[in-house]
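So in our numbering, the last spot in the sequence shown is 871, and the numbers never skip.
These aren't lab readings, by the way, just hints derived from the structure by calculation.
Be aware that one or more of the hints could be misleading.
Keeping only pairs whose Cα atoms sit at most 27 Å apart, straight-line, the calculated DSSO-like set for lysine-lysine is [claimed, not checked]:
(1) K338 x K323
(2) K842 x K853
(3) K813 x K837
(4) K507 x K473
(5) K645 x K674
(6) K853 x K837
(7) K323 x K268
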Amino acid sequence: MSVTDKRHIKDTLAKTLFLVLPTMLVCYFILWNAAQFYAVLMEQQYLQHTLFLEMGILVAVLFYSFRFRFVSTFIVLLLFLYFIYIAMDHTVFGSVDMFFVTVQFMIFALLFSFGWLLGWGFSRKRYFPLIAAGIFFLVSVLMIVRQADLSVRSLLLAFVPVLLYTIYIIYAVQVIYNHKDLSQPYWGHLLRRLGLFLVLSSLLLTGIIWYFEDDLRKAVEEVSAGGKAGANSMLQRNKDGSVSMKDRNQLSGNQSRGKQLLFVAHIKNFFPGTDDVPNPLYLTAFYYSRFDNETETFERDKKIPRNDLFLPNPGSIPLYFTKTDSTVLEDALQEKQKKVVEIEVYKTQLSPSEFVAPSVSFFVQPIGIDPDNQQEYHSAYRAKSYVSELNSAYFVYNAPDNLQLQQFQNMRFDLLRQVTDYSAVPLPVMQYYTQFPTNTKYEPIAALARKITAGKTTAIDKIIAIRDYFLSKDENGKPLFQYSDNPGIPDIPSASKLNYFLFENRKGYCAYYAGATLFMLRALGIPSRITVGFMTVDRSGNNNKGWYWYYSDQAHAWVQVYFPGYGWLDFDTTIGNDDARDSPQPDGTPPTPQGNALLAADGMITQVDPNKKTVQLKTRNVVFKDKPYQQQNPVVLTIDISHAKIRKDSATVDITSVKVNDSATAISYAEALKPVTVSGDMAQLVAALPVQIPADELRLKTKQDDHTVQTTSGDAADNSWTRQQILLLIAGIILLLGLAFIFLPLWYTLYLNLRRKWSKTVPERAYWDDRYMQFYWYQHKQFQGDRTLWQFAQDIDQRYQVGYASFVQLYLKLKYGSGVLNETEQQQLRAYRPSFKRRITKAMPQTFMQRVKVWLNPLRTIGFWQHRRSV
1 MSVTDKRHIK DTLAKTLFLV LPTMLVCYFI LWNAAQFYAV LMEQQYLQHT
51 LFLEMGILVA VLFYSFRFRF VSTFIVLLLF LYFIYIAMDH TVFGSVDMFF
101 VTVQFMIFAL LFSFGWLLGW GFSRKRYFPL IAAGIFFLVS VLMIVRQADL
151 SVRSLLLAFV PVLLYTIYII YAVQVIYNHK DLSQPYWGHL LRRLGLFLVL
201 SSLLLTGIIW YFEDDLRKAV EEVSAGGKAG ANSMLQRNKD GSVSMKDRNQ
251 LSGNQSRGKQ LLFVAHIKNF FPGTDDVPNP LYLTAFYYSR FDNETETFER
301 DKKIPRNDLF LPNPGSIPLY FTKTDSTVLE DALQEKQKKV VEIEVYKTQL
351 SPSEFVAPSV SFFVQPIGID PDNQQEYHSA YRAKSYVSEL NSAYFVYNAP
401 DNLQLQQFQN MRFDLLRQVT DYSAVPLPVM QYYTQFPTNT KYEPIAALAR
451 KITAGKTTAI DKIIAIRDYF LSKDENGKPL FQYSDNPGIP DIPSASKLNY
501 FLFENRKGYC AYYAGATLFM LRALGIPSRI TVGFMTVDRS GNNNKGWYWY
551 YSDQAHAWVQ VYFPGYGWLD FDTTIGNDDA RDSPQPDGTP PTPQGNALLA
601 ADGMITQVDP NKKTVQLKTR NVVFKDKPYQ QQNPVVLTID ISHAKIRKDS
651 ATVDITSVKV NDSATAISYA EALKPVTVSG DMAQLVAALP VQIPADELRL
701 KTKQDDHTVQ TTSGDAADNS WTRQQILLLI AGIILLLGLA FIFLPLWYTL
751 YLNLRRKWSK TVPERAYWDD RYMQFYWYQH KQFQGDRTLW QFAQDIDQRY
801 QVGYASFVQL YLKLKYGSGV LNETEQQQLR AYRPSFKRRI TKAMPQTFMQ
851 RVKVWLNPLR TIGFWQHRRS V
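Please put together the full structure from these sequences, using the hints given.
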């Protein structure tokens with residue numbers, strides 16, 4: 001076998017091992033990833049399809065190693081596969097299975113042909129691997145963009161391996177094609193180079209991902225939970241299938257609204273002087289009091305001044321136990337025309353941890369559900385709120401045919417016109433709730449607010465003017481503004497969506513109306529905030545008065561305005577949202593209230609007796625006839641569960657599911673407890689109770705995380721990203737890696753200078769001086785080739801007269817001679833390096849662009865490394 005043939009075989013083998021095999025792995029990864037997220041492959045056949053593709057790659061690499069022409073052979077292959085397919089398609093076997101066989105062969109033919117194309121390109125074309133890597137990278141980016149349920153794991157899984165492969169291919173192609181010596185030591189060199197490169201690249205990517213971990217997580221949460229086009233702007237679906245309110249809301253071009261029933265509520269609130277005219281109240285979840293100027297995202301802030309938000313987790317409170325927070329009423333108790341309103345909430349799909357109630361709530365008590373309703377409702381609670389008598393779901397919009405509601409609204413407007421002095425409001429509160437973005441792009445909103453409220457002197461009249469502006473008509477008599485779930489986005493990506501809503505398309509959903517109203521009010525110095533919760537619509541007619549059904553499309557955002565002496569009052573300026581006011585189906589029969597339990601004991605199971613059907617419950621907390629009892633030392637109660645329903649989560653289980661050390665709550669409505677009276681502490685209560693307490697329900701608890709509020713403050717609140725920003729982050733990472741690669745000659749120059757600086761002996765300094773100069777010549781396309789260093793230096797001096805041969809002579813004497821230079825020679829050796837660049841610049845004058853081409857040529861730097869290795 002000739003030297004040329006041996007070299008060709010080694011060349012082909014190197015390409016197969018270091019280019020083709022990684023490509024085959026990436027093809028498998030992409031097909032597997034596509035099957036995971038898009039189900040584009042039948043069931044789990046991605047492995048089979050990968051084999052089809054990789055078979056084509058390997059056969060083509062082997063075939064074209066014999067130097068066959070591509071075009072003619074590829075056409076023959078396509079015709080051959082086509083004729084086989086036609087023959088199979090016209091073959092009648094009398095079985096439907098033949099159809100699936102032909103489909104499978106078609107898939108095989110397509111994948112095998114594509115693999116054949118890849119195999120030819122990798123074996124014959126130097127830059128084809130770079131094109132293929134770019135295609136694989138674009139496919140991965142498209143998979144990220146089109147994923148319906150994006151997570152940090154899926155983002156990294158779909159992107160990082162292909163990015164690493166792309167970087168590796170760029171480097172590996174240059175290493176393989178630039179290395180001219182395919183002798184045996186080459187393999188060890190190649191393995192070390194590529195292995196080290198993979199390790200360093202992996203470490204670099206890992207560091208970047210670690211550094212941007214929080215940003216990535218927030219970005220993905222934003223895309224998956226709020227920024228994603230087509231998602232409900234207020235709600236998010238949890239892993240357990242339940243629904244929760246979102247902690248932030250980013251204005252988007254469109255949203256979807258479902259019609260699922262989330263919960264049913266009874267609000268015990270009627271118009272003054274009546275017992276049968278319901279006065280519905282909007283239900284508050286929390287407030288958006290911060291705004292991210294860059295992403296136009298409304299956010300929560302737990303560090304609000306004089307916090308009046310009660311946010312318990314009803315799912316973590318034992319049944320019939322209570323939680324109260326009177327600190328939220330610090331301001332409300334000093335305000336006029338307030339009253340306590342009770343509400344009962346029965347949840348269907350709303351998360352057990354979610355809490356909604358009229359503002360300002362201060363009390364919650366999880367309650368039981370009647371057995372007849374437990375299939376429909378999974379949890380319930382009772383809440384109390386200290387509400388303003390001026391608050392109502394009808395506060396802005398009247399029922400046009402209801403004179404009583406119109407009169408009630410006008411009466412409240414007249415009352416609020418008396419509020420003209422905000423000087424008593426604490427300065428921190430006033431400043432916080434009148435913050436207006438300093439970005440000049442929002443100044444047109446402030447100008448619009450001043451224009452439409454010109455001549456209005458009171459806060460309420462300015463609010464009414466803003467409401468009337470949204471209700472106004474254009475010169476053709478058509479409504480100026482419209483409700484739309486698909487308002488679109490500005491043509492200019494950096495343009496403000498709020499400005500686009502107010503001044504151009506005038507279409508939007510509740511977040512747009514609430515956001516625009518908030519900005520206009522704050523521009524006028526009126527303290528305001530966005531409230532998130534549920535719109536309450538009275539569809540009861542003459543039946544079930546006070547009962548309200550809440551569907552997912554009633555998730556809502558509106559504005560609350562602060563009036564000194566009266567507190568925060570609701571204003572809903574969203575217009576034309578008729579779909580949310582109309583239910584998708586007739587409201588059903590409300591759940592039957594079960595009534596309060598006589599006894600509820602919360603604690604830990606210490607003993608289970610399946611024969612007697614009793615458990616022993618160690619507890620420190622008992623509620624008896626609505627009165628809580630507590631003591632530091634636990635007591636043990638024997639609970640008779642022979643007639644009790646045992647529930648775990650929403651499922652009914654038997655006594656075998658009750659284990660020692662389980663947390664549990666025992667509930668009893670038993671008639672035997674009614675005669676029991678207690679006037680003392682918990683010890684007297686235990687003594688008065690029966691030895692075996694009959695229970696109607698035993699609730700076993702599972703470990704649940706509390707519904708924590710993911711809020712941010714300071715600079716951290718500015719990390720709410722969209723899908724577009726995720727792609728920009730990815731592009732930024734790629735750009736940084738690309739720049740690092742482009743500047744490789746400069747990094748290497750810095751490395752050589754540092755190594756010389758750190759050298760402590762004359763031979764070491766001379767070695768790094770020589771390495772630096774050889775690298776300098778190589779970047780200027782002055783290659784040593786097969787010449788010795790002395791011959792190369794003499795040729796350089798003949799061409800440029802830079803005295804390079806004198807330095808090389810001293811260096812070679814130091815390296816191969818006695819190793820000792822006299823003082824004069826050492827001085828000459830030290831003096832040459834500082835003057836080297838000056839001599840080169842004089843001998844080879846260059847323009848700025850010529851210098852850029854020399855020092856931003858990383859491939860030549862890689863070539864120099866290969867040259868040094870061969871030498």
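Original post:
Are there hints from earlier that the structure breaks, and if so, what are their numbers?
Top reply: none
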